[in-house]
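J.: Keeping the supplied structure of chain Z fixed, place chains E, U, P and C with the ligands upon it in accordance with the hints.
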Amino acid sequence: MAALLEIWPAVALTLKLASVTTLALLVLSTPLAWWLARSRVRWKEGVAAIVAMPLVLPPTALGFYLLLALGPDGPGGAVAGLWGGRSLAFTFEGLVIGSVIYSLPFVVQPIRNAFQAIDNGMLEAAASLGASPWDAFWSVAVPLARTGFLTGAVLGFAHTIGEFGVILMIGGDLPGETRVASIALYDFVETLQWGKAHLLAGGMVVFAFLVVLTVLLMDKRGRVRQ
Amino acid sequence: MAALLEIWPAVALTLKLASVTTLALLVLSTPLAWWLARSRVRWKEGVAAIVAMPLVLPPTALGFYLLLALGPDGPGGAVAGLWGGRSLAFTFEGLVIGSVIYSLPFVVQPIRNAFQAIDNGMLEAAASLGASPWDAFWSVAVPLARTGFLTGAVLGFAHTIGEFGVILMIGGDLPGETRVASIALYDFVETLQWGKAHLLAGGMVVFAFLVVLTVLLMDKRGRVRQ
Amino acid sequence: ANADTARIAVASNFTSAAKALADEYAALSGHAITPSYGATGALYLQISQGAPYAAFLAADQARPALLLQDDRAVPGSGFTYAIGELALFSRDAAAALGPDYLKQAPFERIAIADPATAPYGLAAMQTLQSLGLDAVLAPRIVRGKNIGQTFQFIWSGAAEAGFVARSQIADAGAGAHWTVPSSLHEPIAQDAVLLDASSVAARGFLAYLRSPAGRATISRHGYATPE
Amino acid sequence: MIEAAFKGRLGGFDLDACFAVPASGVTALFGPSGSGKTSILRCLAGLTQLDGRLSVNGEVWQDARTFVAPHRREAGYVFQSATLFPHLSVAGNLAYGEKRAAARRRGAASQPVLDRDAIIDLLGLAPFIDRRPSDLSGGERQRVAIGRALLAAPRLLLMDEPLSALDAMTKADILPYLERLAAVAAMPIVYVSHDIGEVARLADRIVQIAGGRVVGCGSTADMLERLGLEAGVPAFEESALLTGVIASHDTALRLTRVDCGGQSLTVPPLDLPVGQTIRVRVRARDVAIALQRPSGISIRNILDATILTIDAAEDAVHGDVVLGIGDARIKSRITREAMAELALKPGMPAFALIKSVSFDGRRGYTARDPETGADAR
Amino acid sequence: MIEAAFKGRLGGFDLDACFAVPASGVTALFGPSGSGKTSILRCLAGLTQLDGRLSVNGEVWQDARTFVAPHRREAGYVFQSATLFPHLSVAGNLAYGEKRAAARRRGAASQPVLDRDAIIDLLGLAPFIDRRPSDLSGGERQRVAIGRALLAAPRLLLMDEPLSALDAMTKADILPYLERLAAVAAMPIVYVSHDIGEVARLADRIVQIAGGRVVGCGSTADMLERLGLEAGVPAFEESALLTGVIASHDTALRLTRVDCGGQSLTVPPLDLPVGQTIRVRVRARDVAIALQRPSGISIRNILDATILTIDAAEDAVHGDVVLGIGDARIKSRITREAMAELALKPGMPAFALIKSVSFDGRRGYTARDPETGADAR
Ligand SMILES: Nc1ncnc2c1ncn2[C@@H]1O[C@H](COP(=O)(O)OP(=O)(O)OP(=O)(O)O)[C@@H](O)[C@H]1O
Ligand SMILES: Nc1ncnc2c1ncn2[C@@H]1O[C@H](COP(=O)(O)OP(=O)(O)OP(=O)(O)O)[C@@H](O)[C@H]1O
Ligand SMILES: [Mg+2]
Ligand SMILES: [Mg+2]
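Residue numbers (this note's numbering), protein chains in the order written: chain Z, 1 to 226; chain E, 1 to 226; chain U, 1 to 227; chain P, 1 to 377; chain C, 1 to 377.
Treat the hints with care, since some could be wrong.
[To be verified] For lysine to any residue, the following SDA-like pairs were computed, each having C-alpha atoms within a straight-line distance of at most 20 Å:
1. Lys-44/E - Leu-217/Z
2. Lys-99/C - Ile-119/C
3. Lys-19/U - Ile-169/U
4. Lys-19/U - Gln-193/Z
5. Lys-16/Z - Met-53/E
6. Lys-103/U - Asp-92/U
7. Lys-44/Z - Val-215/E
Simulated from the structure, these hints should not be mistaken for lab results.
In isolation and in its complexed conformation, chain Z is listed as follows (with noise of 0.2 Å):
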């Protein structure tokens, strides 16, 4: 019950960086991975290429030059000064930033695959039927995309909840602030405070996995016959 209560905060705190973050990766996913899909433009695949590279570094170095550009000297800096912060780094925003960061090519990717597998023709139904691209976009493209936005939420979302280096960089661990469930889970572990340490993992798996499995679920009920 201590135990609980002590890891309440940071499981609480994982929650709604989960959550924004998988909003914001969709969000920005959306129509990055339309682009990737549909545009003619040669140079689109440097683009690909170039959001997945977060991937490639260790996530503590990648923490590192993202802590450099949301600091009080980078841009993050900067964007910060305008409503009178000193450095994005430390705060709340900084996290989903740089989870969006880390997370970003599980997201566009299977979205772009879903969109490319779209059949022109449905698009040019969509136009001879009055619809506008951007109509058609959301009445056509986006619902039969769908398993690929799911397979993207679920990715993303889960690799947010497990992220850790990171955020570790650039977040602090700051109590309330920027200290997640797998910070804490890492101080458990580190501290051999083993009981809390199984609590919280499991706590955490159990959790993720009814979420995952819920959202699986929903694409199954939903999922196009073709």
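T.: Using the frame of chain Z, we list chains E, U, P and C with the ligands on its own:
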């Protein structure tokens, strides 16, 4: 130059690990993704959710549990015993196992989506032309799921290169054996050797960029126009 | 005095001691201390990027010195708050640990922390050098990035023995250990600095570390304290 | 008018098509497989962009500077392979275009609304209105696609073999409806079909395509006469059109008499007012020739005719005899044996024998007003 | 024999079909859209598994205990919508089944090999043999699908409206080939089509489907006579078959004379030996009746006939008169006006007038040997 020589073994090891892991991931994911895409059993979404679970744990925590599993008292020890070893921890094989488990969802999901998107009519046509399910799988399903495979390979490869927490935990940082580039980069950052850190990070990104770009362009060139 | 709060950055190896010290200090002064834990290197980087910590309890002397040098810390505030004690540890309670154990080497893997990044790792290497075993044992050494990880290598059974901080053994309980005589390695001094001159709570907390009560708590957690 | 000219390369295929037809009634695109019919239809819809010009009723949809986006053309399209939205039910598919048309209409002057229920009824969609397209048979899918295009209330309807997967009875239900629609809704239809019967029945004019080019263009009457000589139409279907005026209806015997240049034709009953001008397709193979007026015979239509031309190549199976009937001309295809036996010569008077039931009620068809029905150039 | 019985539910559709037909020649599945033709074909191929039995030539493909996997049935399938492999070129698609058939053949006794080049030539696939299916027109795709199925050298060929997207000329090229194939390659064909002409031409027997049930099954001759009375065939196409023996060829006039129960029929030239038994489809609407033998008329076939039955409902447009010609019977459809005027009565002698060109060379068709051509039950 000296810096290059210093990090070369780590880089070479990383390449080997990423290649072997990607290969192992594809080999493992293909049947799993097929089963997830085609099976009618109800609990398959449960399996799909379980595959995503390693993502949810912070790598060091996951690494610790893996360490227990691979160690002398876990199943890994039993397996290692077969060829006279004591444990799979601190071995290259152990690293591969850990990386595979950690990156599995990124590879399984895109391939599963691609398999799921294949029109049943294609497999029926193959059967009517005398192809056994096994034959049709290789001659029709796999080529049609090409984009899913490439996406899975890219994500798995990039993620393995950048992976760090798990590897550190089960690898024990043995130079030439389990010290990969991401660990070396971590060391440079920790010990404030910025020059080397930037060099290695830049090198990893550029190299991975080229690999990923090549794969993505391969996809583009050969993509099925439907 | 008005109740004040301060965030302090604490090297992970000092986690449980810091918790106890913060609780004691809060009861004593009414000031709240919220510790954040991390690797000394990472904490240093964060502080140099403006992390909102009022004080820094490092695991070495180098990073506090760097911060003082960069004017990131309050001049003259640095001091050694604890001296780590190195121990050879094995999960096997029956193991007869000592220099002979290292010489006979009845193990496949021995764990140490990374000498490049962790002070305890450096001390462990120095110990092996003093015993003339560094070259012999080199192929059997597995390295953790910090002593937390090193301890886990041993705790999980993946390595049969290894050098850890005595403070960790105090936390863990079971197993056998041998406290390495301080003559075999250079002292593992852990320094603290004040980062925010205006923080009453942090200044008070650093003072508490040097008070007899604070020193008692520190040594209860497996550290020596400076004279 | 629909004035179209497209020129360009599609993969390895050269398209260079240019035609102008009235923007009313039904225009058939006719040609063999792979000749470019679908490609032209796609250019009309704006789905494929080649160099060229296109204007519909004076409104420029494409020229050197303009390219109206497909969704702004309000061109309904029934695709060759029904592209229903798999994520929507049949009802959802139908509503897709309907909703958008309704939204458009609110802004502009209100247009005649197609009757949703009538279309569902006509196409027989009710039994599966709530199903997903994946659960439909081939013909059912095609019918939904037609309904969906109609309900979008397009200003121009493009149909790519919309009836090919349908059985004859269903076709026979849908054809008259399309026919009426083209007239009533003032919605020109461009129609691709391989079925010359369908084309003859429905089209006011035919644009004949071969190898990506327009090789013929004219009123259905003219083109049907000509088509027999060209590849693409089996000899079996060659025919001519007679224009006449409905003279009277015999309700007891269920016959309609048509006045055709002073002579009377008996055809199956037509539900049209007396005085209406109609056109009747007469297939060359259904016309026999007699030198004396036969008696005691079931053949109803025995028309006074003059032999105009005779065409009988040495190695041909049949000969074609063109007969003048008043101002009109019909063709009779008979064996060369009969030709020899009857010693036919141009200028000779003769009787054209047409079994009245040859004008099947389903295939006889009405002419629209003379202007829109006129030849395109 | 192909003995099939399937019963089960597909979504909301009840299928309960049971029929037995000889495992040779062409069996047509005929019925309106949504009647279950495709579903039955899928059951035959093993692509849909319902309860039931299926045996082909005594080999059990399905019963309570057995279910032979689709790929072991060697049943070629031309799908209603061409399912070409998008990742393979046309050549790759063709080779797919061919390679596997060749591998199979190596194990078993060698089978007659279909000629690849002949098929490519016949179907006109050469111009786009290296292209991807996505770059083909609708008709081109359908032709590739036919070629692919044929080259897999199946033991049973299932075709779901394979010719619906093809123009008349292409159809006319392919039909005789399929016809010959069914006979020569000893490969029974089950054929779905809406085109009664195609069915009459190609099929040895017709299985009529409605609402998921077999409502009629019999030889093409019998079924064509019957089908007119049922939904699914427009009155326009109702016909009967006459059986005759080729008596002589007139090469100069390019005619063939057929001996039909002692009387002579003149038809367009047939490339068949004298003495061969053939069947000729005569459409009721092509037969006129005369009381005296007319003279000076182009109609070649004037047969002695006896009026057998007369069927003229009060409100019908036409009446049907069944005429006996020797042992055979044909039907004549004439107006009720003509019927009244001629005062026709059963038992009366009369003359049946059939324009010889009604037997179009492309539609007249040959009977295979009497056994395989026989009715299924
Ligand atoms: N992307 C492409 N690359 C190469 N050739 C193409 C491409 N698209 C179409 N073609 C060719 O253009 C020609 C015309 O195609 P189109 O679809 O317009 O024919 P169609 O008249 O509609 O034929 P069908 O009646 O068979 O549908 C065909 O020969 C086709 O092979
Ligand atoms: N999954 C399903 N759920 C519900 N109904 C279905 C399903 N599959 C097929 N049907 C229905 O079964 C009936 C028979 O379908 P089938 O495809 O066999 O018809 P068909 O005779 O081939 O028609 P067509 O000539 O239009 O292709 C149709 O009415 C169809 O709507
Ligand atoms: Mg086409
Ligand atoms: Mg069907």
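J.: Each of the hints needs a verdict: does it hold here or not?
T.: Each hint tested on the structure:
Of the supplied pair hints, the one linking Lys-44/E and Leu-217/Z holds, its CA atoms being roughly 10 Å apart against a limit of 20 Å. Simply put, Lys-99/C and Ile-119/C have alpha-carbon atoms about 16 Å apart, close enough for the 20 Å limit, and the pair holds. A threshold of 20 Å between alpha carbons decides the hint, and for Lys-19/U with Ile-169/U the separation of about 17 Å falls inside it, so the pair holds. For the suggested pair Lys-19/U and Gln-193/Z, the alpha carbons sit about 13 Å apart, so the restraint of at most 20 Å is met.
Of the supplied pair hints, the one linking Lys-16/Z and Met-53/E holds, its CA atoms being roughly 19 Å apart against a limit of 20 Å. Under the criterion of a C-alpha separation no larger than 20 Å, the hint pairing Lys-103/U with Asp-92/U is consistent with the structure, at around 18 Å. With a C-alpha separation of about 13 Å, the suggested pairing of Lys-44/Z with Val-215/E holds against the 20 Å cut-off.
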